[in-house]
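Chains as they are written, first to last, in full-length UniProt numbering: chain A, 1 to 345; chain B, 1 to 345.
Some hints here could point you the wrong way.
Calculated pairs, DSSO-like style, for lysine-lysine (alpha carbon to alpha carbon, straight line, at most 27 Å) [what the hints assert, rightly or not]: (1) B:Lys46 <-> B:Lys61; (2) A:Lys108 <-> B:Lys46; (3) B:Lys173 <-> B:Lys198; (4) A:Lys64 <-> A:Lys108; (5) B:Lys173 <-> B:Lys64; (6) A:Lys156 <-> A:Lys198; (7) A:Lys198 <-> A:Lys155; (8) A:Lys173 <-> B:Lys156; (9) B:Lys46 <-> B:Lys173; (10) B:Lys198 <-> B:Lys46; (11) B:Lys108 <-> B:Lys155; (12) A:Lys173 <-> B:Lys198; (13) B:Lys173 <-> A:Lys155; (14) A:Lys156 <-> B:Lys173; (15) A:Lys173 <-> A:Lys156.
Some residues of chain A that are not near chain B, with every Cβ distance over 12 Å (derived) [stated by the list, open to error]: (16) Ala4; (17) Ala18; (18) Ala44; (19) His48; (20) Phe122; (21) Trp168; (22) Asp249; (23) Gly301; (24) Gly322; (25) Thr326; (26) Gln332; (27) Glu334; (28) Gly340; (29) Ala345.
No lab work stands behind these hints, which were simulated from the structure alone.
Think of the CB as a built atom: it goes at the ideal place given N, C-alpha and C, for glycine as much as any other residue.
There are 2 protein chains.
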Amino acid sequence: MNEAATLTVDALHERVDAIFRHAGLNAIQAAALARVIVAGERDACKSHGIYRIEGVLRTVKAGKVKPDAVPTLEAAEGSAIVKVNAQGGFANPAFELGVGEVAERARKHGIAALVVNDGTHFSALWPEVEALTDHGLAALVMCPSYSTVAPAGGKKPLLGTNPFAFGWPRPGKSPYVFDFATSMTARGEIELHRRAGKPLPEGWAIGADGEPTTDPEAALAGAMLPFGGHKGSAIGTMIELLAGIMINDLTSPEALEYLGTTALAPLHGELIVAFSPQAFAAGRPGDPFIRAERLFDAIVGQGARLPSQRRFAARQVSSTEGVSLTAPEMEQLERLHSLGLDAVA
Amino acid sequence: MNEAATLTVDALHERVDAIFRHAGLNAIQAAALARVIVAGERDACKSHGIYRIEGVLRTVKAGKVKPDAVPTLEAAEGSAIVKVNAQGGFANPAFELGVGEVAERARKHGIAALVVNDGTHFSALWPEVEALTDHGLAALVMCPSYSTVAPAGGKKPLLGTNPFAFGWPRPGKSPYVFDFATSMTARGEIELHRRAGKPLPEGWAIGADGEPTTDPEAALAGAMLPFGGHKGSAIGTMIELLAGIMINDLTSPEALEYLGTTALAPLHGELIVAFSPQAFAAGRPGDPFIRAERLFDAIVGQGARLPSQRRFAARQVSSTEGVSLTAPEMEQLERLHSLGLDAVA
Numbered sequence: 001m002n003e004a005a006t007l008t009v010d011a012l013h014e015r016v017d018a019i020f021r022h023a024g025l026n027a028i029q030a031a032a033l034a035r036v037i038v039a040g041e042r043d044a045c046k047s048h049g050i051y052r053i054e055g056v057l058r059t060v061k062a063g064k065v066k067p068d069a070v071p072t073l074e075a076a077e078g079s080a081i082v083k084v085n086a087q088g089g090f091a092n093p094a095f096e097l098g099v100g101e102v103a104e105r106a107r108k109h110g111i112a113a114l115v116v117n118d119g120t121h122f123s124a125l126w127p128e129v130e131a132l133t134d135h136g137l138a139a140l141v142m143c144p145s146y147s148t149v150a151p152a153g154g155k156k157p158l159l160g161t162n163p164f165a166f167g168w169p170r171p172g173k174s175p176y177v178f179d180f181a182t183s184m185t186a187r188g189e190i191e192l193h194r195r196a197g198k199p200l201p202e203g204w205a206i207g208a209d210g211e212p213t214t215d216p217e218a219a220l221a222g223a224m225l226p227f228g229g230h231k232g233s234a235i236g237t238m239i240e241l242l243a244g245i246m247i248n249d250l251t252s253p254e255a256l257e258y259l260g261t262t263a264l265a266p267l268h269g270e271l272i273v274a275f276s277p278q279a280f281a282a283g284r285p286g287d288p289f290i291r292a293e294r295l296f297d298a299i300v301g302q303g304a305r306l307p308s309q310r311r312f313a314a315r316q317v318s319s320t321e322g323v324s325l326t327a328p329e330m331e332q333l334e335r336l337h338s339l340g341l342d343a344v345a
Numbered sequence: 001m002n003e004a005a006t007l008t009v010d011a012l013h014e015r016v017d018a019i020f021r022h023a024g025l026n027a028i029q030a031a032a033l034a035r036v037i038v039a040g041e042r043d044a045c046k047s048h049g050i051y052r053i054e055g056v057l058r059t060v061k062a063g064k065v066k067p068d069a070v071p072t073l074e075a076a077e078g079s080a081i082v083k084v085n086a087q088g089g090f091a092n093p094a095f096e097l098g099v100g101e102v103a104e105r106a107r108k109h110g111i112a113a114l115v116v117n118d119g120t121h122f123s124a125l126w127p128e129v130e131a132l133t134d135h136g137l138a139a140l141v142m143c144p145s146y147s148t149v150a151p152a153g154g155k156k157p158l159l160g161t162n163p164f165a166f167g168w169p170r171p172g173k174s175p176y177v178f179d180f181a182t183s184m185t186a187r188g189e190i191e192l193h194r195r196a197g198k199p200l201p202e203g204w205a206i207g208a209d210g211e212p213t214t215d216p217e218a219a220l221a222g223a224m225l226p227f228g229g230h231k232g233s234a235i236g237t238m239i240e241l242l243a244g245i246m247i248n249d250l251t252s253p254e255a256l257e258y259l260g261t262t263a264l265a266p267l268h269g270e271l272i273v274a275f276s277p278q279a280f281a282a283g284r285p286g287d288p289f290i291r292a293e294r295l296f297d298a299i300v301g302q303g304a305r306l307p308s309q310r311r312f313a314a315r316q317v318s319s320t321e322g323v324s325l326t327a328p329e330m331e332q333l334e335r336l337h338s339l340g341l342d343a344v345a
């Protein structure tokens with residue numbers, strides 16, 4: 001019987017990494033996945049923490065992702081586009097392969113893009129945003145998902161929850177980072193309401209008949225709605241165009257068709273745009289990093305919050321005190337480690 | 001006494017252009033302003049049509065914009081950033097100066113950015129988006145405004161209505177284009193409710209006390225709210241960072257401080273990101289333009305609309321039947337032409 005425990009971030013990384021290697025993932029897949037999952041747990045984002053390990057194993061077991069894939073990188077001379085191909089593995093090691101190169105090209109050309117193709121995607125986007133702010137760059141990251149969201153005025157699932165994330169580096173501080181779904185809510189939230197027998201807030205979903213509903217069952221059989229009405233719907237559509245179609249990778253309807261379920265992590269591409277504030281600001285008076293702090297001060301000064309602050313506070317605690325896991329969580333890590341793919345259906 | 005009239009788009013352009021030249025604007029300022037104003041009128045966007053002529057003249061008369069400015073262009077070898085400086089004139093001729101160069105660099109590097117600095121901005125962003133889709137490029141355009149919007153959770157105006165616009169080229173068709181404020185509504189809409197004595201919808205604004213209000217007077221003394229809650233607020237903040245601070249131009253609070261009023265067109269910068277779909281799609285099977293049409297068909301096929309369709313329908317009518325103006329509108333054109341800057345306070 002396991003007991004609740006507090007692990008250092010590094011120790012948790014080693015455990016998660018070992019689970020993935022025991023389950024047959026190669027070293028680069030295992031390490032990259034462990035990094036994003038431990039980052040989620042460390043930042044008290046439980047929905048993107050160790051809870052996700054099982055989903056990874058299920059997607060591997062279903063044969064929908066290559067556990068031994070080795071991503072490849074392609075970047076033509078003079079181009080500001082860096083393309084990494086996950087080669088059917090997870091998107092995370094592909095991103096890690098490309099991030100240094102896109103940072104270098106953003107510094108050289110002022111702006112550059114990283115395209116991730118053919119990758120299975122399951123994590124939040126903020127770890128990727130933060131990898132670029134760590135390079136002193138601003139970054140915009142977006143990707144499709146699978147069809148669960150109706151376009152504004154529509155009646156059926158078409159768009160994905162299509163996350164949209166952005167980061168601005170703050171020298172000596174945690175960056176300004178947001179990362180949100182372009183749907184009103186996540187499908188998991190609707191599921192939680194269903195289990196709790198609670199009605200949904202208005203505006204979250206429509207039923208299979210295309211009419212607004214607050215019934216979680218009806219919503220799960222129907223479609224979620226975009227955030228912000230037609231504006232959010234337009235942004236979700238833009239993400240299908242830029243991070244699906246433009247990079248010749250799957251759109252949300254195609255990702256759903258390929259998988260046949262929303263219970264596994266989806267296969268699709270991803271678009272990252274990196275901006276060099278130094279290059280953009282050059283030649284005019286003013287230090288953009290100092291000026292940005294004045295904007296943040298003005299936001300916080302009137303009682304509004306900057307996004308991600310709760311995550312950064314949790315990170316601070318985790319880095320000094322470690323990550324606390326409950327007895328069932330420790331038990332689960334043990335179980336996943338010993339059973340590997342046999343632990344999942 | 002003037003009568004209602006129907007003018008060809010070209011004839012209307014000549015009239016508007018002449019008004020600006022008579023008022024002392026140089027040829028490039030006058031022509032570029034006439035183009036965006038006539039485009040608005042042609043597309044039945046009355047709020048960005050000839051109604052705007054007076055605002056232009058007021059801003060000139062107030063000495064807040066240089067009527068004889070000649071924009072300049074700067075683009076370092078190998079850079080994917082093209083910088084145009086409006087030199088204190090309007091942003092529109094500066095954009096026109098840079099659009100060909102940024103299109104060329106987007107084709108060369110795959111992605112490129114156009115920065116407009118030191119320009120007075122008063123038009124919609126879709127004419128700029130469409131200038132880039134005409135080059136076969138996808139484009140993202142954003143700019144600050146002046147402080148009229150409280151950040152989500154805040155109590156005072158800080159952000160601008162910060163428009164966010166995007167376009168995707170559709171060979172042989174009008175492009176996919178959206179262009180919206182990141183506030184719930186425009187300040188003009190609140191003013192219209194005030195004049196009509198109608199309460200505002202919930203969620204549009206807060207009063208000077210920071211509390212939600214549906215009273216237009218209280219809203220005008222308070223602040224508008226971002227669309228989509230904290231998500232729209234985050235996008236509005238991103239626009240301040242990328243299209244204000246990063247390009248070392250004015251943020252919305254700084255633009256308001258410079259002008260001292262929201263009755264004149266604001267001075268600030270603008271950021272345009274241009275993507276070459278060919279460059280991004282290259283090397284993988286699929287034609288992004290054909291694939292995009294399938295997405296649009298799926299949206300329209302379920303009863304949802306693509307943005308800007310009403311504009312394109314009006315444009316179709318205008319190009320064959322001309323633009324119809326009322327007698328008071330014709331009178332006003334006449335008056336502005338003969339009086340020039342004396343026509344405005």
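Here is what the structure says about each hint:
1. B:Lys46 <-> B:Lys61: With a Cα-Cα distance of about 23 Å, the restraint between Lys46 (chain B) and Lys61 (chain B) holds, given a limit of 27 Å.
2. A:Lys108 <-> B:Lys46: violated, 43 Å
3. B:Lys173 <-> B:Lys198: violated, 40 Å
4. A:Lys64 <-> A:Lys108: Roughly 37 Å between the alpha carbons, so the hint for Lys64 (chain A) and Lys108 (chain A) is violated.
5. B:Lys173 <-> B:Lys64: violated, 39 Å
6. A:Lys156 <-> A:Lys198: Roughly 23 Å separates the two Cα atoms, so the pair holds.
7. A:Lys198 <-> A:Lys155: holds, 23 Å
8. A:Lys173 <-> B:Lys156: Holds - the C-alpha atoms of Lys156 (chain B) and Lys173 (chain A) are around 26 Å apart, at most 27 Å.
9. B:Lys46 <-> B:Lys173: Holds, at roughly 23 Å.
10. B:Lys198 <-> B:Lys46: Holds, because 22 Å separates the two Cα atoms, which is no more than 27 Å.
11. B:Lys108 <-> B:Lys155: Given that 27 Å is the threshold and the Cα spacing comes to 46 Å, the pair is violated.
12. A:Lys173 <-> B:Lys198: With a Cα-Cα distance of about 46 Å, the restraint between Lys173 (chain A) and Lys198 (chain B) is violated, given a limit of 27 Å.
13. B:Lys173 <-> A:Lys155: holds, 25 Å
14. A:Lys156 <-> B:Lys173: holds, 26 Å
15. A:Lys173 <-> A:Lys156: violated, 43 Å
16. Ala4: holds, 33 Å
17. Ala18: Holds, since 35 Å exceeds 12 Å.
18. Ala44: Answer for Ala44 (chain A): holds, closest chain B Cβ roughly 18 Å.
19. His48: holds, 18 Å
20. Phe122: Non-interface label on Phe122 (chain A) holds, nearest chain B Cβ at 22 Å vs cutoff 12 Å.
21. Trp168: violated, 5 Å
22. Asp249: violated, 8 Å
23. Gly301: At about 9 Å from chain B, Gly301 (chain A) fails to clear the 12 Å cut-off, so the statement is violated.
24. Gly322: The claim holds: Gly322 (chain A) sits with its nearest Cβ about 30 Å from chain B, beyond 12 Å.
25. Thr326: holds, 30 Å
26. Gln332: holds, 32 Å
27. Glu334: holds, 38 Å
28. Gly340: holds, 33 Å
29. Ala345: The assertion about Ala345 (chain A) holds, with a minimum of 32 Å to chain B.
The structure does not agree with the numbered hints 2, 3, 4, 5, 11, 12, 15, 21, 22 and 23 stated previously, though it agrees with the rest.
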